[in-house]
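Sequences are here, hints too, so could you generate the full structure?
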Amino acid sequence: MYKLVTKEVLSDVSKKFEVEAPLVAKKAQPGQFIILRVDEQGERVPLTIADSDPERGTITIIFQEVGLTTKCLGQKEAGDYIADFVGPLGKPMEFPEEPGRVIAVGGGVGIAPVYPKVKGFHKAGMDVTSIIGARCKDLLILEDEMRAVSKELHVCTDDGSYGHHGFVSDILQKYLDDGEPIAEIIAVGPLPMMRAIVNQTRPYGVKTVVSLNPVMVDGTGMCGACRVTVGEETKFTCVDGPVFDGHQVDFDELVARSRMYLDQEKKALENCRCGGAK
Amino acid sequence: MAHDIKKKHPMEEQNPQERVKNFDEVPFGYDIDTAVAEAERCLDCKKAPCRQGCPVEVNIPAFIMSIKDRKFEESIAAMKADNSLPAICGRVCPQESQCESFCVRAKKGEPVGIGRLERFIADWQLKEGVEDPKLPEPTGKKVAVVGAGPAGLTCAGDLAKLGHDVTMYEAFHTPGGVLVYGIPEFRLPKEIVAKEVDYIQRLGVKLETNMVIGKTITVDELFEEHGFDAVFIGTGAGLPTFLGIPGENLLGVYSANEFLTRTNLMKAYRFPEFDTPIHVGKNVAVVGAGNVAMDSARTALRLGAENVYIVYRRSDKEMPARLEEIHHAEEEGVQFRLLTNPIGINGDDKGWVKGMECMQMRLCEPDESGRCRPEPIEDSNFVLDVDTVVVAVGQTPNPLVPQTTTGLKTGRKGTIDADEFGKTSREGVWAGGDIVTGAATVINAMGAGKMAAKNIDEYLKSK
Ligand SMILES: Cc1cc2nc3c(=O)[nH]c(=O)nc-3n(C[C@H](O)[C@H](O)[C@H](O)COP(=O)(O)OP(=O)(O)OC[C@H]3O[C@@H](n4cnc5c(N)ncnc54)[C@H](O)[C@@H]3O)c2cc1C
Ligand SMILES: Cc1cc2nc3c(=O)[nH]c(=O)nc-3n(C[C@H](O)[C@H](O)[C@H](O)COP(=O)(O)OP(=O)(O)OC[C@H]3O[C@@H](n4cnc5c(N)ncnc54)[C@H](O)[C@@H]3O)c2cc1C
Ligand code: SF4
Ligand code: SF4
Ligand code: FES
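One line per chain: the protein sequences are D and R, in this order.
Take the first sequence: its letters are residues 0 to 277, numbered as in numbering that gives the first Met the number 0.
Take the second sequence: its letters are residues 0 to 462, numbered as in numbering that gives the first Met the number 0.
If you are wondering where the hints come from, they were derived from the structure by calculation, not from laboratory data.
Hints may contain errors.
[Unchecked claim] Looking from chain R toward chain D, a few residues come up when the C-beta cut is under 8 Å (computed):
| id | residue |
| --- | --- |
| 1 | N209 |
| 2 | P271 |
| 3 | H278 |
All of these numbers come straight from a predicted model, not from anything done at the bench.
Note that CB positions come from ideal geometry on N, CA and C, so glycine has one too.
Below is the structure:
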């Protein structure tokens, strides 16, 4: 059993926990993730390691309540326990080889997985320009944390309730146009957002990495549930990723595969044990 | 009714129409009188040729003669001297190519039902309750066992019996390896695996689940930071092989590993009581004809598929599965499409499988492995009408541990190089089971775990 040490409600649908997992905390690198299971009937669900504190032996996870597991998890309080927590999984993020500006783009709950990467760059003494966005102000998370590790921070909301009225891609476009060399763009968020960003940067030939979130089971390379086509090859996101060159990723396939269990997910939610789905 | 001495006593089982609707175990096992009667078929051969066929050389006549004399305590003791997991082996060993194939009775009629008797005596003991083991004096030596499959469990149990302080590290949330995530409930009830694991824990073995060695902790760190004196690696052959044909990433295409893990380990067959879903359409093609394929096909039937096909490019003679599994699959209505090779999977506009394109094959000259090499028959293409495909054409070792351990030599196929005792190229590290041999059998993995335990004990004593 793994103890939830602290809980923070970031928005109506986003929550943050620090989980006691000293061995994972000792090893965690930006870009990696964990898999957890809430209880004995639970599904194994992957979440990015948003932060780690080796001294206190904790891992921070931030998640959006989208279905059964994340809703059940959201019902837990500090001091509660969850059944399983395993990691750190996946490859750590790599630093860009080219000199130039690094731009991080985080959309919605994608800000959670982008944060540890920006923090990683910041720690390594590199400047990062960050662009974060959400549907509305209330759904925006980690603004202060992102500001603390970014050289510049741009905030966008789809409805204009805060910051720039519009999409993260609007701001990104300005940087693509101003001609200053860009070493790398990191884009993390919902699939449609990542697809839009890679299509936007492709003509400029700017390296754009994305962090993928396909369905997973084991997270150690044994099941193939997480396979994606990158270039011409099939890759397993859990061991070869989750960070890939976005221009190589077959997003159509990924979008289709992410819908594989839609009907069952709905049914699961109707049968929810934890009361979180009400 | 007198029994024909040339035949094994039949084992009662659920009838096929009923059992395809549930996940309960198929055979019921012998009752005491049938077991004794079957034991009486054994000729107690002096040379006991049957033993050569068993990778751990179970003293077969000894355990069977004790059943005949109704001395069940003695029987189980004779069994456990060589095989610590008889309830499992009795159910899953390919007896027809191992012990039973050497039985003298097989020359005229059927061999003695060694597997059935093994299962009987093990179940008898599980029902009676296993006494708490007497724990030996601690030696003060620490051994880490990586992977809680049959190899790891056996090695850990044997080392604990010798007084060593053993910790088992398992990547999944439940121990058992293939026994829990691969082999289905209807063939090997998980309660039996749990009891065997419980016994090993009562021997003093500590179990740490959710530990991916190579990620959470490396083997190097087990020595340097966690103070272990020796490490045994039994991480199995867990990586799925795909066919490399177009359409394999369509929705509705599973590796057998994923299909079985969802169903068995995550209990998707009890969805939505359990949260993990599985998708099974009306018509399912399972590619391959080993145990893994038979398990997948029979699972698909139980999950509600109407037509399930085994698609295999060779003929029935080459099918590598246990005879009993093929027989059970046939009885349950699995349809065999032999000498058939898939060449592509077709999808609909939403990305779901809607058919599998195949070619008819014919067998030609036997290849180096002695099997006949199949070759395609021209213009024999046809489309099999399926909406789910399960690929069960083999597994390779997981590279996580070899990649992160210094000084560990590996073979061409990613297996860890180890000698007959399980010793690897790195001092203090042993390995055994599928990670060394590639996908093999439960009893072979156990045998390797046992051999390594003995060798590790000698090493620790000499240190
Ligand atoms: C490497 C990785 C890192 C991730 N990091 C985060 C994170 O930091 N914060 C966060 O909120 N989410 C993250 N996700 C996504 C998160 O795993 C899913 O939102 C979660 O599994 C949904 O489970 P559920 O039962 O609540 O919803 P479900 O009802 O199961 O599904 C709702 C939606 O989530 C998607 N989904 C379902 N199961 C999975 C699965 N096993 N893996 C991925 N997606 C799935 C489906 O496409 C579906 O549309 C990450 C995913 C991956 C692979
Ligand atoms: C579906 C199926 C049916 C089968 N049917 C039969 C049968 O009827 N009869 C038969 O004799 N054989 C059968 N086999 C083969 C048999 O199960 C295997 O040969 C045997 O289980 C190998 O044992 P093992 O201990 O080497 O590995 P495994 O059973 O694979 O166990 C390895 C364990 O190590 C864990 N692990 C892996 N990597 C790590 C890591 N980095 N850190 C920590 N833990 C890790 C895994 O999670 C797993 O629990 C079948 C196999 C399958 C898949
Ligand atoms: S362990 Fe397997 S091979 Fe050996 S006697 Fe028992 S059933 Fe036969
Ligand atoms: S060969 Fe057959 S008959 Fe002879 S001892 Fe072995 S099991 Fe009994
Ligand atoms: S999650 Fe199973 S292989 Fe990646």
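Here is what the structure says about each hint:
Interface restraint check: N209 (chain R) against chain D, minimum CB-CB distance 4 Å, threshold 8 Å, status holds. Checking P271 (chain R) against chain D by beta carbon gives a least distance of about 4 Å; that is within 8 Å, so the hint holds. Look at H278 (chain R): its Cβ gets to within about 6 Å of chain D, closer than 8 Å, so that hint holds up.
The earlier numbered hints are all upheld by this structure, with none contradicted.
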